[in-house]
Amino acid sequence: MLRVSVWRGGAEGTLVAYDVPARASQTVLDVVTYIQRRLDPTLAYRFACRVGMCGSCAMTVNGIARWTCRTHVDRVAKSGALEVKPLANLPVIKDLAVDMTEFFDKWARARGRFVPSADIPDDFIRVPPATPARRAADAGIECIGCGVCYASCDIVAWNKDYLGPAALNRAWTLVNDVRDAGNAERLGAVAGDAGCHACHSHQNCALRCPKEIDPTGAIAGLKRATARAALRGKL
Amino acid sequence: MSARAETWLWLAQRGAAIVLAAAVTVHLATIVYAVHLGLSAAAIIGRIAGNRAWLAFYIAFAIAAAIHGGIGLRTVVRETTPWRGASLELATVLFVVFLALAGTRAALALFA
Numbered sequence: 001m002l003r004v005s006v007w008r009g010g011a012e013g014t015l016v017a018y019d020v021p022a023r024a025s026q027t028v029l030d031v032v033t034y035i036q037r038r039l040d041p042t043l044a045y046r047f048a049c050r051v052g053m054c055g056s057c058a059m060t061v062n063g064i065a066r067w068t069c070r071t072h073v074d075r076v077a078k079s080g081a082l083e084v085k086p087l088a089n090l091p092v093i094k095d096l097a098v099d100m101t102e103f104f105d106k107w108a109r110a111r112g113r114f115v116p117s118a119d120i121p122d123d124f125i126r127v128p129p130a131t132p133a134r135r136a137a138d139a140g141i142e143c144i145g146c147g148v149c150y151a152s153c154d155i156v157a158w159n160k161d162y163l164g165p166a167a168l169n170r171a172w173t174l175v176n177d178v179r180d181a182g183n184a185e186r187l188g189a190v191a192g193d194a195g196c197h198a199c200h201s202h203q204n205c206a207l208r209c210p211k212e213i214d215p216t217g218a219i220a221g222l223k224r225a226t227a228r229a230a231l232r233g234k235l
Numbered sequence: 001m002s003a004r005a006e007t008w009l010w011l012a013q014r015g016a017a018i019v020l021a022a023a024v025t026v027h028l029a030t031i032v033y034a035v036h037l038g039l040s041a042a043a044i045i046g047r048i049a050g051n052r053a054w055l056a057f058y059i060a061f062a063i064a065a066a067i068h069g070g071i072g073l074r075t076v077v078r079e080t081t082p083w084r085g086a087s088l089e090l091a092t093v094l095f096v097v098f099l100a101l102a103g104t105r106a107a108l109a110l111f112a
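Protein sequence lines, in the order shown, are assigned to chains A and B.
Position one of the first sequence corresponds to residue 1 (the numbering used here), numbered consecutively onward.
Position one of the second sequence corresponds to residue 1 (the numbering used here), numbered consecutively onward.
Keep in mind that the hints were calculated from the coordinates and are not lab data.
Since this is a predicted model, take the numbers as computed values, not measurements.
A hint or two may mislead.
So the derived label-pair ranges between C-beta atoms look like this [said to hold, decoys possible]:
1. B:Ile44 with A:Arg228: 35 to 45 Å
2. A:Arg38 with B:Gly72: 47 to 57 Å
3. A:Glu212 with B:Met1: 27 to 37 Å
4. B:Met1 with A:Arg228: 19 to 29 Å
Backbone N, C-alpha and C define an ideal beta-carbon position, used for all residues, glycine too.
Starting from the given sequences, assemble the full structure and let the hints guide the process.
Given below as structure tokens:
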């Protein structure tokens with residue numbers, strides 16, 4: 001039997017203990033689902049794909065932000081005790097579900113949208129995969145927006161305006177996209193105290209990212225790119 | 001403060017850090033050298049007084065430390081307190097100027 005403590009309530013709330021039967025190859029998401037289906041149907045949580053593709057089931061498991069669907073209980077609950085809380089650094093809606101609005105609004109503020117150039121080329125633009133810029137873009141392109149890095153980031157906790165690792169990583173992939181025409185505005189949007197220059201390179205984002213992306217490296221790239229733009233008078 | 005200004009502050013702090021990396025190394029090496037020779041304070045002052053090169057080195061060291069520390073302190077204040085805006089920028093400038101002047105004054109007293 002697993003002793004599971006689950007956050008109940010909103011910003012103000014409390015941990016409630018449940019006993020859940022231990023099973024082989026059980027994930028934390030299995031445990032949360034068991035509680036909601038068998039013990040307390042009022043438990044609110046979020047999930048969709050169950051196989052690590054959608055990025056919607058991230059929660060704080062024994063103090064660390066994780067995808068619950070890809071976290072086996074026996075790997076994180078050595079003593080049989082499990083504590084499941086909502087993601088940190090985001091407002092709690094209810095129980096284990098957080099409001100991701102500010103997280104995705106910050107992607108927009110970081111100009112995380114592809115900007116096509118005004119002149120439409122006659123043919124497809126060929127982007128050789130081996131070029132340094134494309135490799136840098138590819139390194140960060142697999143982000144699925146789960147919010148694990150954002151919840152693990154100390155700077156987000158200290159500075160509510162900070163864009164966060166995921167949004168800045170997204171901006172860095174577009175800075176390295178040779179087809180994109182929005183970099184003049186984008187570099188201005190990601191520079192400064194709410195942007196890449198606030199990062200202290202603690203690397204919690206890179207450590208916790210389930211996709212093993214390195215947002216700290218992406219942010220360091222933005223620091224270089226914005227510094228170069230400033231030196232050329234183009235920021 | 002604008003993104004451009006913040007970027008320049010970041011560049012200034014990194015530039016000062018490069019100066020500090022070299023200056024601290026030289027500073028520590030000379031301390032170790034002086035201690036190994038068993039020099040007294042009077043003997044050290046006797047050797048360095050009037051040396052323009054050391055004076056320039058320590059004035060540059062003091063100014064770099066003032067810039068690096070001042071910008072860093074501003075960041076710490078912004079991360080740990082709600083203090084923002086023009087009053088903080090003014091306080092930062094005053095702090096940097098005070099540190100640079102105090103360091104320059106000390107260097108002048110020793111080397112000039």
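Going through the hints against the structure:
no.	hint	result
1	B:Ile44 with A:Arg228: 35 to 45 Å	holds (44 Å)
2	A:Arg38 with B:Gly72: 47 to 57 Å	holds (54 Å)
3	A:Glu212 with B:Met1: 27 to 37 Å	holds (35 Å)
4	B:Met1 with A:Arg228: 19 to 29 Å	holds (20 Å)
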